[in-house]
Each structure stands twice: as C-alpha cells, then as structure tokens.
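S.K.: Protein chains in written order, with the working numbering: chain A, 1 to 334; chain B, 1 to 334; chain C, 1 to 210; chain D, 1 to 210.
Just so you know, the hints here were simulated from the structure itself, not pulled from any lab data.
Among the hints, a few may not be true.
[To be verified] Derived BS3-like pairs: lysine-lysine, alpha-carbon spacing no greater than 25 angstroms straight-line:
no.: 1; chain 1: C; residue 1: LYS123; chain 2: C; residue 2: LYS95
no.: 2; chain 1: A; residue 1: LYS5; chain 2: B; residue 2: LYS5
no.: 3; chain 1: A; residue 1: LYS5; chain 2: A; residue 2: LYS101
no.: 4; chain 1: A; residue 1: LYS5; chain 2: B; residue 2: LYS183
[What the hints assert, rightly or not] Now the in silico label distances, taken between C-beta atoms and shown as ranges:
no.: 5; chain 1: B; residue 1: ASP125; chain 2: D; residue 2: GLU21; range: 38 to 44 angstroms
no.: 6; chain 1: D; residue 1: ALA51; chain 2: A; residue 2: GLY251; range: 46 to 52 angstroms
no.: 7; chain 1: A; residue 1: ILE230; chain 2: C; residue 2: GLY127; range: 28 to 34 angstroms
no.: 8; chain 1: B; residue 1: GLU122; chain 2: A; residue 2: GLY251; range: 53 to 59 angstroms
no.: 9; chain 1: C; residue 1: ASP103; chain 2: A; residue 2: THR34; range: 30 to 36 angstroms
Ideal Cβ positions, reconstructed from N, Cα and C, are used throughout, including at glycine.
Given next are the chains, with one letter for each unit.
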Amino acid sequence: MTSVKKLINDPQNVVAESLEGFAAAHADVVAVHTDPPFVTRAGGTTAGKVGLVSGGGSGHEPLHAGFVGVGMLDAAVPGAVFTSPTPDQIAPALQAADGGKGVLAIVKNYTGDVLNFETAAELADAEGVTVRSVVVNDDVAVEDSLYTAGRRGVAGTVAVEKIAGAAAERGDDLDAVVAVAEKVIANVRSMGVALTACTVPHAGKPSFDLPEDEIEIGIGIHGEPGRRRIPLAGADEITEMLLTPVADDLGLTGGEKVLLFVNGMGGTPASELYVVYRRARALLAERGVEVIRSLVGNYVTSLEMQGASVTVLRLDDELTALWDAPVHTTALRW
Amino acid sequence: MTSVKKLINDPQNVVAESLEGFAAAHADVVAVHTDPPFVTRAGGTTAGKVGLVSGGGSGHEPLHAGFVGVGMLDAAVPGAVFTSPTPDQIAPALQAADGGKGVLAIVKNYTGDVLNFETAAELADAEGVTVRSVVVNDDVAVEDSLYTAGRRGVAGTVAVEKIAGAAAERGDDLDAVVAVAEKVIANVRSMGVALTACTVPHAGKPSFDLPEDEIEIGIGIHGEPGRRRIPLAGADEITEMLLTPVADDLGLTGGEKVLLFVNGMGGTPASELYVVYRRARALLAERGVEVIRSLVGNYVTSLEMQGASVTVLRLDDELTALWDAPVHTTALRW
Amino acid sequence: MTLDVAWAVDWVRRSADAVAEHREELIELDRQIGDGDHGENLNRGFTAVVAKLDALEEPPGEIGDVLKLVATTLMSTVGGAAGPLYGTAFLRAAKATAVPELDTKGVVALLEAALEGIVVRGKARTGEKTMVDAWTPASEAAAAASDAGASAAEALEAAAQAAADGAQATIPLVATKGRASYLGERSAGHLDPGARSTELILQAAAQAAA
Amino acid sequence: MTLDVAWAVDWVRRSADAVAEHREELIELDRQIGDGDHGENLNRGFTAVVAKLDALEEPPGEIGDVLKLVATTLMSTVGGAAGPLYGTAFLRAAKATAVPELDTKGVVALLEAALEGIVVRGKARTGEKTMVDAWTPASEAAAAASDAGASAAEALEAAAQAAADGAQATIPLVATKGRASYLGERSAGHLDPGARSTELILQAAAQAAA
Ligand SMILES: Nc1ncnc2c1ncn2[C@@H]1O[C@H](COP(=O)(O)OP(=O)(O)O)[C@@H](O)[C@H]1O
Ligand SMILES: Nc1ncnc2c1ncn2[C@@H]1O[C@H](COP(=O)(O)OP(=O)(O)O)[C@@H](O)[C@H]1O
Ligand SMILES: [Mg+2]
Ligand SMILES: [Mg+2]
Ligand SMILES: [Mg+2]
Ligand SMILES: [Mg+2]
Numbered sequence: 001m002t003s004v005k006k007l008i009n010d011p012q013n014v015v016a017e018s019l020e021g022f023a024a025a026h027a028d029v030v031a032v033h034t035d036p037p038f039v040t041r042a043g044g045t046t047a048g049k050v051g052l053v054s055g056g057g058s059g060h061e062p063l064h065a066g067f068v069g070v071g072m073l074d075a076a077v078p079g080a081v082f083t084s085p086t087p088d089q090i091a092p093a094l095q096a097a098d099g100g101k102g103v104l105a106i107v108k109n110y111t112g113d114v115l116n117f118e119t120a121a122e123l124a125d126a127e128g129v130t131v132r133s134v135v136v137n138d139d140v141a142v143e144d145s146l147y148t149a150g151r152r153g154v155a156g157t158v159a160v161e162k163i164a165g166a167a168a169e170r171g172d173d174l175d176a177v178v179a180v181a182e183k184v185i186a187n188v189r190s191m192g193v194a195l196t197a198c199t200v201p202h203a204g205k206p207s208f209d210l211p212e213d214e215i216e217i218g219i220g221i222h223g224e225p226g227r228r229r230i231p232l233a234g235a236d237e238i239t240e241m242l243l244t245p246v247a248d249d250l251g252l253t254g255g256e257k258v259l260l261f262v263n264g265m266g267g268t269p270a271s272e273l274y275v276v277y278r279r280a281r282a283l284l285a286e287r288g289v290e291v292i293r294s295l296v297g298n299y300v301t302s303l304e305m306q307g308a309s310v311t312v313l314r315l316d317d318e319l320t321a322l323w324d325a326p327v328h329t330t331a332l333r334w
Numbered sequence: 001m002t003s004v005k006k007l008i009n010d011p012q013n014v015v016a017e018s019l020e021g022f023a024a025a026h027a028d029v030v031a032v033h034t035d036p037p038f039v040t041r042a043g044g045t046t047a048g049k050v051g052l053v054s055g056g057g058s059g060h061e062p063l064h065a066g067f068v069g070v071g072m073l074d075a076a077v078p079g080a081v082f083t084s085p086t087p088d089q090i091a092p093a094l095q096a097a098d099g100g101k102g103v104l105a106i107v108k109n110y111t112g113d114v115l116n117f118e119t120a121a122e123l124a125d126a127e128g129v130t131v132r133s134v135v136v137n138d139d140v141a142v143e144d145s146l147y148t149a150g151r152r153g154v155a156g157t158v159a160v161e162k163i164a165g166a167a168a169e170r171g172d173d174l175d176a177v178v179a180v181a182e183k184v185i186a187n188v189r190s191m192g193v194a195l196t197a198c199t200v201p202h203a204g205k206p207s208f209d210l211p212e213d214e215i216e217i218g219i220g221i222h223g224e225p226g227r228r229r230i231p232l233a234g235a236d237e238i239t240e241m242l243l244t245p246v247a248d249d250l251g252l253t254g255g256e257k258v259l260l261f262v263n264g265m266g267g268t269p270a271s272e273l274y275v276v277y278r279r280a281r282a283l284l285a286e287r288g289v290e291v292i293r294s295l296v297g298n299y300v301t302s303l304e305m306q307g308a309s310v311t312v313l314r315l316d317d318e319l320t321a322l323w324d325a326p327v328h329t330t331a332l333r334w
Numbered sequence: 001m002t003l004d005v006a007w008a009v010d011w012v013r014r015s016a017d018a019v020a021e022h023r024e025e026l027i028e029l030d031r032q033i034g035d036g037d038h039g040e041n042l043n044r045g046f047t048a049v050v051a052k053l054d055a056l057e058e059p060p061g062e063i064g065d066v067l068k069l070v071a072t073t074l075m076s077t078v079g080g081a082a083g084p085l086y087g088t089a090f091l092r093a094a095k096a097t098a099v100p101e102l103d104t105k106g107v108v109a110l111l112e113a114a115l116e117g118i119v120v121r122g123k124a125r126t127g128e129k130t131m132v133d134a135w136t137p138a139s140e141a142a143a144a145a146s147d148a149g150a151s152a153a154e155a156l157e158a159a160a161q162a163a164a165d166g167a168q169a170t171i172p173l174v175a176t177k178g179r180a181s182y183l184g185e186r187s188a189g190h191l192d193p194g195a196r197s198t199e200l201i202l203q204a205a206a207q208a209a210a
Numbered sequence: 001m002t003l004d005v006a007w008a009v010d011w012v013r014r015s016a017d018a019v020a021e022h023r024e025e026l027i028e029l030d031r032q033i034g035d036g037d038h039g040e041n042l043n044r045g046f047t048a049v050v051a052k053l054d055a056l057e058e059p060p061g062e063i064g065d066v067l068k069l070v071a072t073t074l075m076s077t078v079g080g081a082a083g084p085l086y087g088t089a090f091l092r093a094a095k096a097t098a099v100p101e102l103d104t105k106g107v108v109a110l111l112e113a114a115l116e117g118i119v120v121r122g123k124a125r126t127g128e129k130t131m132v133d134a135w136t137p138a139s140e141a142a143a144a145a146s147d148a149g150a151s152a153a154e155a156l157e158a159a160a161q162a163a164a165d166g167a168q169a170t171i172p173l174v175a176t177k178g179r180a181s182y183l184g185e186r187s188a189g190h191l192d193p194g195a196r197s198t199e200l201i202l203q204a205a206a207q208a209a210a
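With the sequences and hints as input, model every part of the structure.
M.R.: This is the structure in structure tokens:
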C-alpha cells in the first residue's frame with residue numbers, strides 16, 4: 001500500500017473511522033449510523049417537518065455531516081472519498097429524514113451524485129416516502145449548457161442547505177421548501193482557485209502536479225485540475241479573477257444586497273481567507289453591491305488542498321431572514 | 001522578494017490586510033483598531049467586568065482575535081507572523097479592556113510574549129490600569145524546569161481563554177478570574193505532531209525540511225522543529241504518542257472527567273482530526289477517564305502546517321459549567 | 001457453441017481480476033481528467049461481487065441471475081458515476097439474458113441492453129468522451145460479427161476489440177459529459193477511464209468465452 | 001580619542017545596514033533552531049530607527065539620547081524576544097551614557113549596562129545559547145582592554161572580536177533559554193541567531209569608531 005502523509009490508518013477505513021470520531025465528539029448534535037453509513041440529527045426526525053437530506057463524496061468536510069442539526073439538514077450521506085454515496089446508503093437516510101411531510105434531497109450537480117440520488121429516491125418512494133430533489137450548480141468556472149454535464153455544485157451548497165433548512169424548520173411544506181432552495185440556487189454563484197493539489201488517501205499521490213510558481217483557476221472540489229493554469233499572482237489579483245465572473249454571472253450591477261462567502265479548500269489558513277474576503281468585498285463595493293452577510297472559513301473543502309473559492313448569494317428580505325434563523329450544527333451555529 | 005505560494009499580497013502587509021478583512025466580515029462581533037493594531041469587542045468594554053486580554057504572534061488564527069467576544073476575550077493583540085506583539089500595541093489593548101475592575105492578561109509562555117506583556121503591563125499600570133497576568137504552559141513536549149524557559153503555551157490557551165472569559169462574564173472579580181485561569185492552567189496539557197512544515201510569508205521557505213516519510217513529534221506552534229523526528233506512522237500510533245505523555249503528566253489514573261480537544265495545525269482536514277479524536281478518546285477510556293466535553297478543529301494553528309495536537313483538560317463541576325457558559329466570538333459560539 | 005452460466009461466472013471473476021490488476025492505471029487515468037477514484041471504486045465493487053459469488057450456496061440457474069447479482073452489488077458498492085452506470089448496464093443485460101445459455105444473438109442482445117442502460121441513465125451520446133464510446137462500437141461490432149455468422153465467442157472477441165479501439169479513440173476528444181467535461185479543452189489528449197474499464201470488462205468476457 | 005554623538009549615530013546606521021545585509025542569514029539561523037523571524041524582526045526595528053534618526057530636526061546632544069531613541073524604537077517595533085532584550089540593553093546603555101563624549105571607560109560602562117539590561121530582562125546566564133553568550137565576553141574583553149590602556153576604539157574592537165568568538169562558541173551548546181530550548185539536544189550544532197546579531201551590532205560599533 002502506498003503510504004501517504006496523513007493522519008490516517010488504513011486508507012480504506014478513513015471515512016468510517018472519521019465518522020466514528022465525529023459521532024463520539026458530537027453525540028449531542030448528531031447520530032451516526034453504520035452499515036450503511038449515514039448521519040442524522042441526534043434527536044432523530046422531527047415529526048411534521050419537511051426532511052432535508054444531502055450527501056456526496058467524503059473529503060469535503062464539514063460538508064455535509066457538519067451541517068446536520070436543528071435549522072439545517074436532517075440527514076447527510078457520506079460516500080467514499082470524492083465518490084458519491086450509493087443508493088442503498090441514501091435511501092435509508094431519506095427514510096430516516098421523513099417526518100411525514102416529505103423529504104427534500106439537496107444534490108450537487110455531479111453525474112454520480114445525480115444518478116445515485118435518483119435511484120435512491122425511487123427506492124425511498126417505493127417505501128412511501130415523497131422525495132423531491134434540487135440540484136445545486138453554482139460553479140461559474142464551468143459553462144452551463146443543455147448539451148453538457150452542466151455547472152458543478154460547490155460552496156454555494158452551504159447556503160442552499162442553511163436557507164432551505166431554515167424554511168423547513170419554520171414549518172414550510174415541501175413545495176415551499178423546494179421553492180426556497182431553488183431561489184437560493186438561482187441566486188448563488190461561486191468560483192475557486194487551487195494553490196496546491198490534494199492527495200486522495202487511496203490514490204497515494206497528489207491529484208495533479210502543479211509547479212511551485214503556478215496555480216489552477218476554476219477548480220472544483222474533487223482535486224480535479226481547473227479550467228486554466230496561470231502563474232502565481234497576488235491575492236488581490238486572484239480574488240478579482242474569482243469575483244468578477246461570479247458577479248458578472250449574477251448580473252450584479254449595483255444596488256444589490258449580498259452574502260459574501262469566502263471558502264477555504266481545507267489547507268488555507270484563515271488569515272489568507274480574510275485577505276481574499278477584504279479584496280472581494282472591495283470589488284463588490286466598487287460595483288455598488290452591499291455585503292450584508294458574510295461567511296469566511298473552511299466549509300466545503302478538498303481534503304488538505306490550499307486554495308479558496310468566492311461565493312456570492314444575492315439576498316432579499318426572505319433569504320436574509322432565513323440565513324439569520326437559528327442553526328445548531330457542528331460546523332455552523334448561531 | 002521571494003514569492004511564496006500563498007493567498008497574500010506583499011508579505012509585509014499580511015497581518016494588516018487580514019485584520020482589515022476580519023473587521024469587515026465580523027463588525028457585529030469585533031472592532032479592529034489600527035496603529036497600533038489590536039482587536040476589541042464590537043460593543044467595547046463592559047463596565048464593571050474584569051477585562052481579558054491575550055495576544056501573541058500572528059499565524060495562529062483563530063487564536064487570539066477569533067476568541068474576542070462575549071464570554072471570552074475583551075481584546076486581542078496580534079503581532080507580526082510568529083512574533084510577539086510590542087508593548088506599545090499591548091498597552092492600549094489592556095487599557096481598552098479595562099472596565100474599571102482590572103484586566104487579566106493571558107500570556108503564552110514564550111520569552112518574547114512574556115517580556116513584551118511584562119513591559120506593557122508596566123505601561124498600563126502607569127495609566128492606572130490594574131493588570132494581572134497568567135502564563136499558559138501546557139505543552140508537555142518541553143520539559144518544565146526552573147532553569148529553562150519552561151514549557152510552551154499551545155492549544156490549551158483556548159480553554160484558559162474560554163473558561164476565564166466565562167468567569168469574568170459572570171462577574172467574578174480579578175482575583176477570582178485569575179484563580180480560575182490558574183486552575184485551568186494547572187489542569188491542561190497538550191502535545192503536537194507535524195506532518196509538514198509551514199512557510200512564514202517573509203521567510204519564503206518552509207520552517208524546516210522534512211522528508212516525505214518522516215514526521216516531527218513534540219512541535220510547538222511556531223513552525224519550529226519538534227523534539228524528535230520519527231518515521232511516518234499510522235494515526236492510531238501517532239495519537240498514542242501524543243495522548244500518553246499528556247495523560248501521564250496530568251496523572252490521570254481513572255475516574256477523572258475531562259475535556260478532550262483535538263486541534264488542527266491549520267492544514268489538516270477535519271476528517272483526520274476526527275480519526276485522531278476517536279483514538280485519543282479510546283485511549284482515555286482504557287485509562288478509565290471519561291470524556292464529557294469535546295472540541296475538534298483548527299483553533300490554534302501554525303499557518304498551513306499539517307499536523308495536530310491533543311489537549312486534555314481535567315474538569316470539575318465549576319470548570320465544566322464555565323466551559324458550557326454562552327460564548328459569542330467569531331471562532332467559538334454557543 | 002453457446003455460453004452458459006459458468007461462462008458468466010468466469011466473466012465476472014476475470015473482470016474482477018482485470019480491474020484489480022489495472023486499479024492503479026484506472027486511478028491514474030481518472031486522476032488526469034477526473035478525481036482519481038475510478039480504479040478504486042470499481043475494484044471495491046468487483047471485490048464485493050466476487051465475495052457474493054463465493055458466498056452463493058448453489059450456482060445460479062440463468063446467466064441473468066449472475067448479471068443481476070453483479071448489477072445490484074455494483075450499484076450498492078461502487079458509488080460515483082460508474083456505480084449507477086455499470087449497475088444499470090448489468091441490470092438491463094440481466095433482463096436480456098434470463099436464459100441458461102446464450103448464442104451469438106444472445107450476446108448481441110446482452111451488449112445492446114447494457115449500452116441502452118448506460119445511455120438511458122447517463123444521457124451521453126458517442127463522442128462525449130465516456131464509456132459510451134467503448135460500449136457503442138462494441139455492441140455494433142458484435143452485431144456485425146453475428147450477422148456475418150460469427151459464434152458467440154467470436155462476437156465477444158469482436159466486441160472486445162472494438163471497445164479497445166473505441167477507448168483509444170476517446171483520447172483526442174474534448175469531454176462534454178462526466179467529470180472530465182469540467183476541464184473543457186484540457187480534457188483532450190487523455191484516455192477516458194470509463195472507456196478503458198469497459199475495454200477491460202469486455203476483454204474479460206471474450207477471454208472467458210475463448 | 002573619545003567617541004562623540006556622531007559616532008553613536010554612525011554606529012546605529014551601520015547596525016541597520018549590517019542587519020539589513022544579514023537579514024536572510026539571521027532568518028535562516030533562526031529557522032534552524034527557532035521560528036525564523038529574527039532577521040525580519042531586527043530589520044523592521046532598525047529600519048524604523050533610521051527613519052526616526054532621519055526625521056530628527058536637530059542632532060541629539062548626548063550619546064544617551066541616540067541610544068534611547070534606539071531603545072524605544074526597537075521596543076515598539078521589533079516584538080518577539082529580541083525586541084524587549086535589545087530594547088532594554090539600549091535603554092540601560094543610554095542611562096550609562098548621558099554624556100556628549102565617551103572615553104574607553106565610558107565604552108566599558110555602556111557595554112556592561114547593556115549586558116546587565118539583557119540579563120535582568122531575560123534571566124539567562126552564559127552557556128544557555130543566547131545573545132548573553134556574545135555580550136558577556138564582549139563586555140569582559142572591553143574591560144580588559146581598557147584596563148590594559150586601550151583607547152575607546154580599541155576597546156570596541158576587542159569587544160566585537162570577543163562577541164564574534166562568543167557567537168561561534170554557541171554552536172555546540174544545548175539551549176536552555178529562548179525558543180531554541182524547545183529543541184533540547186537538537187539545538188546543538190547551530191549558531192544562536194541573537195548571538196550572531198549581537199556580533200553584527202558590536203562590529204558596527206567598532207567600525208564606526210575606527
Ligand atoms: N453521463 C455519462 N454517461 C456515460 N458515462 C459517463 C457519464 N459520466 C461519466 N461517465 C463515465 O464514468 C467515468 C468516471 O467514473 P468514476 O470515476 O467512477 O465516477 P466519478 O466521475 O463520479 O468519479 C468516466 O470516465 C466516464 O466514462
Ligand atoms: N532569555 C533570554 N535571554 C537572552 N537572550 C535571549 C533569551 N531568549 C531568547 N534570547 C535571544 O533571542 C534570540 C531570538 O530572537 P527572536 O527570534 O527575535 O525572538 P523569538 O524567539 O521570540 O522569535 C535568540 O537567538 C537568543 O539569542
Ligand atoms: Mg468520484
Ligand atoms: Mg518569533
Ligand atoms: Mg472518478
Ligand atoms: Mg525568532
């Protein structure tokens with residue numbers, strides 16, 4: 001077995017052992033099921049509430065399990081590292097999240113995630129659970145087109161889960177929660193940069209080879225190379241390369257109120273994220289866009305990758321109130 | 001200028017630009033002063049409350065500025081990267097934190113921090129501010145001795161700041177807050193490991209050179225090499241090397257209740273920290289020690305270093321209640 | 001010469017061996033234009049398939065039973081894009097082979113059903129740099145061979161060869177489906193991992209029949 | 001020959017130049033057994049000192065005035081261990097030199113006061129692998145030279161030479177004070193950065209007097 005420089009034991013067991021630690025550390029917030037593995041709220045399903053489920057490959061922590069708890073998700077389904085979970089994991093999570101009012105599945109737009117959730121929804125449906133899905137596709141690095149796999153779902157997923165979670169928590173029915181989630185999806189865009197690659201435990205070597213003086217612009221969250229490779233530049237310059245396409249795609253021309261979210265890819269110190277935030281905020285101000293909510297930190301990661309993404313969510317009063325609503329998960333709490 | 005692969009602009013401006021972003025992102029919680037730079041609560045000093053101030057070199061974020069807010073610090077003083085702040089920065093922070101009941105300075109045991117805080121306390125005293133200091137020295141990697149610089153202050157500092165902060169918030173007087181802080185210091189121990197070095201922006205190269213198959217055991221938080229270099233090992237084995245000296249030094253023999261804190265050095269994914277947590281908790285259980293509180297995350301970091309530290313705090317009812325007391329800072333909130 | 005249940009079992013075991021042997025190669029291909037898990041995922045899946053085969057008390061009666069076991073096991077252990085795609089392929093193939101023996105027409109039916117399953121699920125056409133680019137020529141080559149009077153084994157041999165050619169032909173393509181599509185133009189110049197694993201699996205089928 | 005205020009100003013400027021020139025060397029020494037900031041910190045401090053000197057409307061009247069400006073500026077810009085240590089050294093030295101000119105005895109008094117300041121603050125004795133291991137022999141050598149009838153410039157030359165030897169002598173030592181003490185035995189085999197910067201600063205003093 002290739003040995004990789006990580007705090008792990010057998011690469012095959014990373015996800016299971018990590019979940020075991022997560023369960024032990026946060027028994028007040030979450031319950032971790034094994035065989036198949038999925039995570040639910042400690043208190044279980046809230047009867048009469050729309051259930052919220054998300055999931056995807058592991059290696060993006062705290063996404064998604066870190067967002068299970070009051071005001072956000074009811075269940076999360078972790079796959080192998082960077083690999084969508086399987087339908088027989090997802091289906092029981094959908095069932096567990098059902099409080100009798102149906103379940104919303106929040107799916108990031110990857111072929112694997114979409115297909116596995118699709119199958120799982122059929123299985124859960126057969127057990128009498130009403131499942132609706134929304135597909136998050138906030139990454140403007142990828143061209144959206146009817147003829148391609150479309151844009152990826154990246155850091156914007158946090159906003160979808162938080163805001164739809166708040167809508168479910170206040171008692172919205174399934175249609176209404178779907179509508180809120182779709183509204184967030186329609187108004188959130190992201191773009192990311194990698195300074196270093198990451199190493200998938202079982203792969204044993206970096207996901208791409210990047211010279212010391214080059215960076216990847218337009219990366220996703222699976223350690224894949226980006227859209228283009230450019231020479232290392234200053235943070236201000238890089239931030240502009242991320243923020244501009246995001247703001248352009250959202251059509252921000254001035255007068256808007258937004259959430260500005262600077263996300264770390266896992267190995268970036270907080271200090272650098274704030275340097276990026278500072279510049280992104282200044283660029284928005286130059287456009288006449290007002291940042292009224294902020295989030296800065298490592299929330300949607302690619303293992304230990306160094307890099308960051310910039311996410312902007314256009315807010316209205318409803319979305320702002322839902323963003324502000326109480327949340328109690330292991331990774332987001334207020 | 002050596003260019004380093006970081007999301008920064010001029011290395012000379014990292015701390016200032018990062019603070020600028022921090023201030024803009026969290027205006028509801030903190031206020032950032034410039035010239036000299038220090039951070040206070042957004043609301044300013046609470047009259048009639050003992051003030052709490054900490055500080056040290058930058059590069060350990062969220063320590064300390066991330067812990068400014070209700071229930072924890074009143075002010076934090078960030079120095080240059082890995083460099084203790086100067087007395088003329090610390091003194092105004094001590095003054096700003098004084099609500100008329102005196103100020104407790106929480107100092108990590110480094111020659112630079114101790115000397116600069118000492119001088120600052122004299123300056124503040126001359127302005128009529130009563131300043132008491134406690135020195136955190138939880139790192140069991142370093143031998144404690146009357147004849148040396150003694151043990152370093154590392155991740156245990158978070159526990160001191162949280163718990164002393166809660167004591168101050170509930171209205172304890174200066175003597176009582178000092179006593180609580182000393183009690184935490186007497187009962188908290190840590191030890192850390194580095195898988196990779198970190199790169200100080202102005203230095204432009206890694207703080208030490210470590211082959212792909214070796215790790216440093218007994219590191220501090222300034223990118224310095226550890227006590228010894230050993231071949232890469234599994235997470236379970238490494239965790240045992242960290243936990244055992246910590247538990248031994250605390251004299252844990254069974255029946256104790258503790259807080260278990262697994263801290264990331266900045267570049268370690270959360271998943272790996274939970275793998276370490278899982279094993280540390282199992283080892284404590286084997287000793288008959290009960291983990292009743294937990295903290296897992298990147299709280300006291302060395303820039304983008306990969307690695308972790310294990311901290312154990314022996315709890316009694318008072319410390320547990322103070323740990324549980326509400327806190328509202330940018331990095332800890334409940 | 002027809003193919004029986006023993007052939008199907010042998011195919012599956014040979015597929016598992018091939019995937020295990022080429023695990024790192026598939027990881028490396030996927031690392032270059034994807035996320036580096038294809039070899040790991042398929043290896044996990046086929047290892048589980050073999051374990052299930054080994055645990056069977058009595059051998060299945062029909063070829064379709066074997067393929068259904070493969071389908072459900074891959075579906076529940078592989079994850080990613082390849083899990084549902086291969087899962088559906090084998091599920092459709094199983095439905096098309098609810099018989100104890102396959103002649104050359106049966107082989108064609110199996111391959112056509114598998115391809116249809118992949119297309120229904122993944123909605124990719126040829127030329128999008130996916131496993132469809134290996135399955136399509138494979139299915140067509142088997143049909144052509146069968147029409148020309150080839151045996152079941154010969155039809156499989158033709159399919160395997162066509163899959164290999166199809167896989168090679170993905171190299172210059174720019175991906176428009178799957179994870180490689182995120183790379184845009186940068187995806188050109190690389191072999192699609194799913195096309196390569198298709199080649200391996202169809203090669204195993206031919207070898208089991210030889 | 002006595003040393004005047006111009007000497008003091010020249011000393012300080014030469015120190016700043018030396019620190020700037022050896023910035024990377026000091027960073028590298030500190031990187032090996034500390035946290036790699038010594039060169040950066042001192043360079044930041046002495047740059048500020050020179051800026052303050054440049055901004056003075058009229059030259060200071062006494063040597064002590066110059067050294068006090070150095071002391072307060074280093075204290076407020078260097079940080080780390082070296083900030084308070086050098087700051088106190090220059091502050092004590094300033095108190096000992098509240099005169100317009102220094103003779104050889106004055107040089108000895110300056111060095112003894114500086115050393116005393118460092119020891120009072122840092123509580124290190126010789127042999128602990130710190131700047132004390134450069135300042136102590138420097139102060140002693142100046143005293144011995146002075147007793148033997150050397151001039152102020154000669155006393156400084158002796159001090160600089162002794163500081164250089166003292167710095168070299170830190171190499172085999174195991175640190176018991178400062179950040180290098182955390183390395184235990186691993187600190188042996190490396191030159192102490194603070195001892196090296198002391199050597200540079202005293203060399204600058206001697207050169208300014210030569
Ligand atoms: N829409 C699709 N249709 C057909 N095949 C696809 C499609 N999307 C992806 N694939 C195939 O799946 C392969 C990748 O599988 P795998 O790496 O296991 O999944 P993931 O991309 O989720 O990591 C690709 O090489 C490609 O052949
Ligand atoms: N207690 C002490 N007494 C005298 N000198 C000391 C002491 N501690 C440290 N030093 C000196 O300070 C130098 C390190 O300075 P610097 O790197 O600027 O500070 P820091 O160690 O805080 O990063 C050491 O090389 C040593 O010479
Ligand atoms: Mg994958
Ligand atoms: Mg320092
Ligand atoms: Mg893949
Ligand atoms: Mg230093």
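S.K.: Now look at each hint and say whether the structure bears it out.
M.R.: Status of the hints after comparison with the structure:
no.: 1; hint: LYS123/C with LYS95/C; result: holds (20 angstroms)
no.: 2; hint: LYS5/A with LYS5/B; result: holds (20 angstroms)
no.: 3; hint: LYS5/A with LYS101/A; result: violated (46 angstroms)
no.: 4; hint: LYS5/A with LYS183/B; result: violated (37 angstroms)
no.: 5; hint: ASP125/B with GLU21/D: 38 to 44 angstroms; result: holds (39 angstroms)
no.: 6; hint: ALA51/D with GLY251/A: 46 to 52 angstroms; result: holds (48 angstroms)
no.: 7; hint: ILE230/A with GLY127/C: 28 to 34 angstroms; result: holds (30 angstroms)
no.: 8; hint: GLU122/B with GLY251/A: 53 to 59 angstroms; result: holds (58 angstroms)
no.: 9; hint: ASP103/C with THR34/A: 30 to 36 angstroms; result: violated (46 angstroms)
Consistency note: the structure conflicts with the earlier hints numbered 3, 4, 9.
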